[in-house]
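S.K.: Using the sequences plus the hints, can you model the full thing?
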Amino acid sequence: MAREPILSLRKVSRSYTEADRELVILRDADFVLGKGEMVALVAPSGAGKSTLLHTAGLLERPDQGDVKLSGRDCGTLSDDERTAIRRNDVGFVYQFHHLLPEFSALENVMLPQMIRGLPKSAAMKRAQQLLDYMKVGKRASHRPSELSGGEQQRVAIARAVANAPLVLLADEPTGNLDPETASYVFAALEALVRQSGLSAMIATHNHDLARRMDRCVTLKDGKVIDIVP
Numbered sequence: 001m002a003r004e005p006i007l008s009l010r011k012v013s014r015s016y017t018e019a020d021r022e023l024v025i026l027r028d029a030d031f032v033l034g035k036g037e038m039v040a041l042v043a044p045s046g047a048g049k050s051t052l053l054h055t056a057g058l059l060e061r062p063d064q065g066d067v068k069l070s071g072r073d074c075g076t077l078s079d080d081e082r083t084a085i086r087r088n089d090v091g092f093v094y095q096f097h098h099l100l101p102e103f104s105a106l107e108n109v110m111l112p113q114m115i116r117g118l119p120k121s122a123a124m125k126r127a128q129q130l131l132d133y134m135k136v137g138k139r140a141s142h143r144p145s146e147l148s149g150g151e152q153q154r155v156a157i158a159r160a161v162a163n164a165p166l167v168l169l170a171d172e173p174t175g176n177l178d179p180e181t182a183s184y185v186f187a188a189l190e191a192l193v194r195q196s197g198l199s200a201m202i203a204t205h206n207h208d209l210a211r212r213m214d215r216c217v218t219l220k221d222g223k224v225i226d227i228v229p
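Numbering (our numbering), first residue to last: 1 to 229.
By construction, these hints were calculated from the structure, which means they are not laboratory data.
Heads up, a few of these hints could be off.
What the hints assert, rightly or not - Here are the simulated SDA-like cross-link-like pairs (lysine to any residue), alpha carbons at most 20 Å apart as the crow flies:
#1 223 - 32
#2 120 - 143
#3 35 - 79
#4 68 - 30
#5 135 - 87
#6 135 - 179
#7 135 - 148
#8 223 - 15
#9 135 - 214
#10 223 - 101
#11 120 - 148
#12 135 - 147
#13 125 - 114
#14 135 - 184
#15 35 - 10
#16 135 - 187
#17 11 - 60
#18 138 - 103
#19 11 - 47
#20 35 - 78
#21 35 - 135
#22 135 - 78
#23 35 - 6
#24 120 - 60
#25 68 - 188
#26 135 - 119
#27 135 - 163
#28 11 - 224
#29 220 - 75
#30 35 - 216
#31 68 - 150
#32 68 - 78
#33 135 - 188
#34 223 - 104
#35 135 - 150
#36 138 - 179
#37 223 - 22
#38 35 - 192
#39 120 - 97
#40 11 - 104
The structure displayed is predicted, hence computed values, not measured ones.
M.R.: Listed below in C-alpha cells is the structure:
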C-alpha cells in the first residue's frame, strides 16, 4: 500500500558558481518521502547529499522545481514563513551535534520548544521525557563537553524532535562515531522514528545502517535514484 506523501520534490534543480564555472548539483530531481517512512540516502562525498537535504528542509531554495511539505507548496513562501515551517515541522540532525556549549543537555532540548512558545515548565517536562527515551536522562544536567560523543548525538536527536516535527532530516548522524556507538545511536534514532510515526531521510555512508531502513536512494547525475536490493 502506498504511503501518504509528506515531503515531495519535483523537478528540483540546484547549481552553484565556483571560479566562474557552474557546478550542477541537482538536475530535475524527483523525490517523495511517505508518512512514517525511513529512507537512506547513500552516495559518495560531493554527490550532493547535503544540498538535497538542505533543499528538502527549506534551508536552501531550489533554482527551479517544487518542494512540498504535507501538501503545502513551499516555493512561494516568504523567508519568515519558511523559517516557521523549519522550526515547527522539520527536524535536523548533523554529523557534528551543534549543541550549545553553555547550556545543559536538558536546556538544549528545551530551547527550540520555548522559541516556539511553549511554557518553560512544559518544555522542561518534554525535554526530560525525550532524554529519558534516548537513555541520556541521567545526564540531563551535564553540558555537552561533559558528555561522550554518543551521548551528545542522542541529545542532538532529542533536540531535533522536540517540537514533534513531521519530517526528520539527518546528515551523517553517526559519521563521527565508532561502529559500536554508531549502531547504538542509530538504534535509538530508529526506535524514536518508528514509535512517533516520523518520516525521515538519513544520509549515511554506512551500508549496514542503510539496510535497516525502508528503502535506499542515491544521487546520480543530479537525480535521485532508488537503489534496488
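S.K.: Does each hint fit the structure? Answer for all of them.
M.R.: Hints, one by one, checked against the model:
At most 20 Å may separate the alpha-carbon atoms for a hinted pair to count; residue 223 and residue 32 meet this at roughly 13 Å. For the hint linking residue 120 to residue 143, the alpha-carbon distance of about 19 Å falls within 20 Å, and the restraint holds. Between residue 35 and residue 79 the alpha-carbon distance is near 26 Å, which puts this suggested pair outside the 20 Å criterion. Restraint check for residue 68 and residue 30: the C-alpha separation of about 11 Å stays at or below 20 Å, so the hint holds.
For the hint linking residue 135 to residue 87, the alpha-carbon distance of about 25 Å lies beyond 20 Å, and the restraint is violated. A hinted pair counts as satisfied when its Cα atoms are at most 20 Å apart, and residue 135 with residue 179 qualifies at roughly 18 Å. Our distance criterion of 20 Å between C-alpha atoms is met by residue 135 and residue 148, whose separation comes to about 13 Å. As the CA atoms of residue 223 and residue 15 are separated by approximately 13 Å, the hinted pair is consistent with the 20 Å bound.
Straight-line distance between C-alpha atoms of residue 135 and residue 214 comes to about 25 Å, which puts the hinted pair past the 20 Å bound. Under the criterion of a C-alpha separation no larger than 20 Å, the hint pairing residue 223 with residue 101 is inconsistent with the structure, at around 38 Å. Under the criterion of a C-alpha separation no larger than 20 Å, the hint pairing residue 120 with residue 148 is inconsistent with the structure, at around 27 Å. In summary, the hint linking residue 135 to residue 147 is supported, as the alpha carbons are separated by about 13 Å, within the 20 Å threshold.
Between residue 125 and residue 114 the alpha-carbon distance is near 12 Å, which keeps this suggested pair within the 20 Å criterion. For the suggested pair residue 135 and residue 184, the alpha carbons sit about 11 Å apart, so the restraint of at most 20 Å is met. A C-alpha spacing of about 17 Å is found between residue 35 and residue 10, which places the hinted pair at or below 20 Å, so the restraint holds. Restraint check for residue 135 and residue 187: the C-alpha separation of about 11 Å stays at or below 20 Å, so the hint holds.
Taking the CA atoms of residue 11 and residue 60, the gap is about 15 Å. The hint holds against a cut of 20 Å. At roughly 16 Å between alpha-carbon atoms, residue 138 and residue 103 fall within 20 Å of each other, so this suggested pair holds. A distance of roughly 17 Å separates the Cα atoms of residue 11 and residue 47; the hinted pair therefore holds under the 20 Å criterion. For the hint linking residue 35 to residue 78, the alpha-carbon distance of about 26 Å lies beyond 20 Å, and the restraint is violated.
The straight-line distance between the Cα atoms of residue 35 and residue 135 is roughly 26 Å, outside the 20 Å bound, and the hint therefore fails. Distance restraint check for residue 135 and residue 78: the Cα-Cα separation of roughly 39 Å exceeds the 20 Å cut-off, and the hinted pair is therefore not satisfied. Annotation: proposed proximity of residue 35 to residue 6 holds, straight-line Cα distance about 5 Å (limit 20 Å). For the proposed pair residue 120 and residue 60, the alpha carbon gap of about 31 Å is over 20 Å, so the pair is violated.
Using a Cα cut-off of 20 Å, the hinted pair residue 68 and residue 188 is violated, with the two alpha carbons roughly 28 Å apart. Proximity of residue 135 to residue 119 is assessed by CA-CA distance (about 24 Å); at most 20 Å being required, the pair is judged violated. For the hint linking residue 135 to residue 163, the alpha-carbon distance of about 19 Å falls within 20 Å, and the restraint holds. At roughly 10 Å between alpha-carbon atoms, residue 11 and residue 224 fall within 20 Å of each other, so this suggested pair holds.
In summary, the hint linking residue 220 to residue 75 is not supported, as the alpha carbons are separated by about 24 Å, beyond the 20 Å threshold. Distance restraint check for residue 35 and residue 216: the Cα-Cα separation of roughly 16 Å lies within the 20 Å cut-off, and the hinted pair is therefore satisfied. With a CA separation close to 33 Å, the supplied pair residue 68 and residue 150 exceeds the 20 Å bound. Restraint check for residue 68 and residue 78: satisfied, since their Cα atoms lie roughly 14 Å apart, inside the 20 Å limit.
A C-alpha spacing of about 8 Å is found between residue 135 and residue 188, which places the hinted pair at or below 20 Å, so the restraint holds. A threshold of 20 Å between alpha carbons decides the hint, and for residue 223 with residue 104 the separation of about 41 Å lies outside it, so the pair is violated. Taken as a hint, the residue 135 and residue 150 pair is honoured in the structure, with Cα atoms around 11 Å apart against an allowance of 20 Å. Restraint check: the Cα-Cα separation between residue 138 and residue 179 comes to about 24 Å, which exceeds 20 Å; the hinted pair is violated.
Straight-line distance between C-alpha atoms of residue 223 and residue 22 comes to about 17 Å, which keeps the hinted pair within the 20 Å bound. Simply put, residue 35 and residue 192 have alpha-carbon atoms about 14 Å apart, close enough for the 20 Å limit, and the pair holds. For the hint linking residue 120 to residue 97, the alpha-carbon distance of about 23 Å lies beyond 20 Å, and the restraint is violated. For the given pair, residue 11 sits about 42 Å from residue 104 by alpha-carbon distance, which is inconsistent with the 20 Å threshold.
Hints 3, 5, 9, 10, 11, 20, 21, 22, 24, 25, 26, 29, 31, 34, 36, 39, 40 from the earlier list are contradicted by this structure; the remaining hints agree with it.
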